[in-house]
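**Student:** Given next are the chains, with one letter for each unit.
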Amino acid sequence: MVEIYRRKPKANSKELDENKESGKMKKHGRVSVAKLKTMFKRSGYDGLFSCYATFPPNTYFKDQEEGEEVVLFLRQHVIVMVPWVAMVLLALSIPSAFKLFPPFAGLPGGYQFVIVIMWYLFVFGYALARFMGWFFNIYILTDERIVDIDFINILYRKVSTAKIEDVQDVNVESSGAFQTFFDFGSIRIQTAAEVPEFEFVNIPKPDKVGVIINQMVDQEEQEKIEGRVK
Amino acid sequence: MEIITLAESISILSIFKVLIITLLVVYAMFAVLMLIQVGSMTRAVNLKDDYLMKLLSVGHLVFALLVLIISIVVL
Numbered sequence: 001m002v003e004i005y006r007r008k009p010k011a012n013s014k015e016l017d018e019n020k021e022s023g024k025m026k027k028h029g030r031v032s033v034a035k036l037k038t039m040f041k042r043s044g045y046d047g048l049f050s051c052y053a054t055f056p057p058n059t060y061f062k063d064q065e066e067g068e069e070v071v072l073f074l075r076q077h078v079i080v081m082v083p084w085v086a087m088v089l090l091a092l093s094i095p096s097a098f099k100l101f102p103p104f105a106g107l108p109g110g111y112q113f114v115i116v117i118m119w120y121l122f123v124f125g126y127a128l129a130r131f132m133g134w135f136f137n138i139y140i141l142t143d144e145r146i147v148d149i150d151f152i153n154i155l156y157r158k159v160s161t162a163k164i165e166d167v168q169d170v171n172v173e174s175s176g177a178f179q180t181f182f183d184f185g186s187i188r189i190q191t192a193a194e195v196p197e198f199e200f201v202n203i204p205k206p207d208k209v210g211v212i213i214n215q216m217v218d219q220e221e222q223e224k225i226e227g228r229v230k
Numbered sequence: 001m002e003i004i005t006l007a008e009s010i011s012i013l014s015i016f017k018v019l020i021i022t023l024l025v026v027y028a029m030f031a032v033l034m035l036i037q038v039g040s041m042t043r044a045v046n047l048k049d050d051y052l053m054k055l056l057s058v059g060h061l062v063f064a065l066l067v068l069i070i071s072i073v074v075l
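As they're listed, the protein sequences go chains A and B. For the first sequence, the numbering used here begins at 1 and goes up steadily by one. For the second sequence, the numbering used here begins at 1 and goes up steadily by one.
In case anyone wonders, no lab produced these hints; they're calculated from the structure. Treat the hints with care, as some may be off.
A partial selection of chain B residues facing chain A, derived with a Cβ cut-off under 7 Å [said to hold, decoys possible]: (1) M34; (2) I36; (3) K48.
Once the Cα atoms are required to be at most 27 Å apart in a straight line, the calculated DSS-like pairs of lysine-lysine come out as [claimed, not checked]: (4) B:K48 with A:K37; (5) A:K41 with B:K48; (6) A:K99 with A:K208; (7) A:K158 with B:K54; (8) B:K48 with A:K163.
Chain B side only, calculated, beta carbon under 7 Å to chain A, not exhaustive [said to hold, decoys possible]: (9) V32; (10) L35; (11) Q37; (12) M41; (13) A44; (14) N46; (15) D49; (16) L56; (17) L61; (18) F63; (19) S71.
On a predicted model such as this, the values are computed, not experimentally measured, just so you know. Cβ atoms here follow ideal geometry from the backbone N, Cα and C, with glycine treated the same way.
All chains should be modelled from the sequences, with the hints used to inform the complete structure.
**Tutor:** In structure tokens, the structure reads:
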């Protein structure tokens, strides 16, 4: 089932100009963060296998501005790791069957030993690469921006950011019995930024995340109308 | 005949040994690359338990080098 959230119409420029003239446009120090903290309670945990956390205390990223705070920290649901973990466990048990293969059984003992430890090394490397792919594939929402860190493979990573105020549409998708049972799905965010679409794939609690994003967008709109800038 | 067979088998094993060592050298370079990438990613995003990732990648490199040394010594 695809749920579509539509933003309210943007505040017209006349309202913004009126606020500027009346002097309501003044600098406030991150009032939005305090308000967001009252809107979303701190939840989740920021451990090794964390995939959902609001206001995680120990999370920072490189281009984070002073005073900018991470509101939501997301990764893909842990359940997506099950297929490759099962494959790794199966692969670890395979060396016991090597001796059934005549070419291997005919090799000297030293060669057999080296081949077996090479197998374990490659399996470990594969598991580490897959875990890195999950661990460093991060979606971050701050009080000002959306940050999408895609760790595609060992040789390719991509970091995309967009301001919350540029968000235009938020589409939440969670289909199938598996996703419904484990409460995970995907979110597509259309923006007016250089990167037109962000996709948060297989994240936990997609409905709640969609609501949070929309509330943050509304909050940003409200700040503009009231004349508050960072 | 046995001598010819032995000579043939030794040369095949030697080729096999060279291939294994070459593969392990390439793999060790891949392990170094992985370590560099983990370092780069932990600098980009500071997380609570990212030291564990660094530890795992260092352990992986050490394991790769160990297997390389063992293969050179044993084979």
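**Student:** Now tell me if each hint is right for this structure.
**Tutor:** Each hint, compared with the structure:
Because the closest C-beta pair between B:M34 and chain A is about 6 Å apart, less than 7 Å, the hint holds. Given hint, B:I36 at the interface with chain A, is violated; its Cβ is 9 Å from that chain's nearest Cβ, farther than 7 Å. Given hint, B:K48 at the interface with chain A, holds; its Cβ is 4 Å from that chain's nearest Cβ, closer than 7 Å. With a C-alpha separation of about 21 Å, the suggested pair B:K48 and A:K37 falls inside the 27 Å cut-off, and the hint holds.
Proximity of A:K41 to B:K48 is assessed by CA-CA distance (about 20 Å); at most 27 Å being required, the pair is judged to hold. The straight-line distance between the Cα atoms of A:K99 and A:K208 is roughly 53 Å, outside the 27 Å bound, and the hint therefore fails. Taking the CA atoms of A:K158 and B:K54, the gap is near 20 Å; set against the 27 Å cutoff, the hint holds. For a cut-off of 27 Å, the pair hint linking B:K48 to A:K163 stands: about 25 Å separates their Cα positions.
Because the beta carbon of B:V32 sits about 11 Å from the nearest beta carbon in chain A, more than 7 Å, this interface hint is broken. With its C-beta approaching chain A no nearer than about 10 Å, B:L35 sits outside the 7 Å limit, and its interface hint is violated. For B:Q37, the suggested interface contact is upheld, since its CB lies about 6 Å from the closest CB of chain A, less than 7 Å. Nearest Cβ of chain A to the Cβ of B:M41: about 5 Å, under the 7 Å cut. The hint holds.
Checking B:A44 against chain A: minimum C-beta separation of about 5 Å stays under 7 Å; hint holds. Restraint check, B:N46 versus chain A: the minimum CB separation of about 4 Å is within 7 Å; hint holds. At its closest, the beta carbon of B:D49 sits 4 Å from a beta carbon of chain A; the interface hint therefore holds under the 7 Å criterion. Annotation: interface hint on B:L56 holds; nearest CB of chain A at approximately 6 Å, less than 7 Å.
Because the beta carbon of B:L61 sits about 10 Å from the nearest beta carbon in chain A, more than 7 Å, this interface hint is broken. Hint on B:F63 holds. Least Cβ distance to chain A is approximately 6 Å, under the 7 Å limit. The beta carbon of B:S71 is positioned within 7 Å of a beta carbon in chain A (closest approach about 5 Å), and the interface hint is therefore held.
Violated hints, in rising order: 2, 6, 9, 10 and 17; the structure is consistent with all others.
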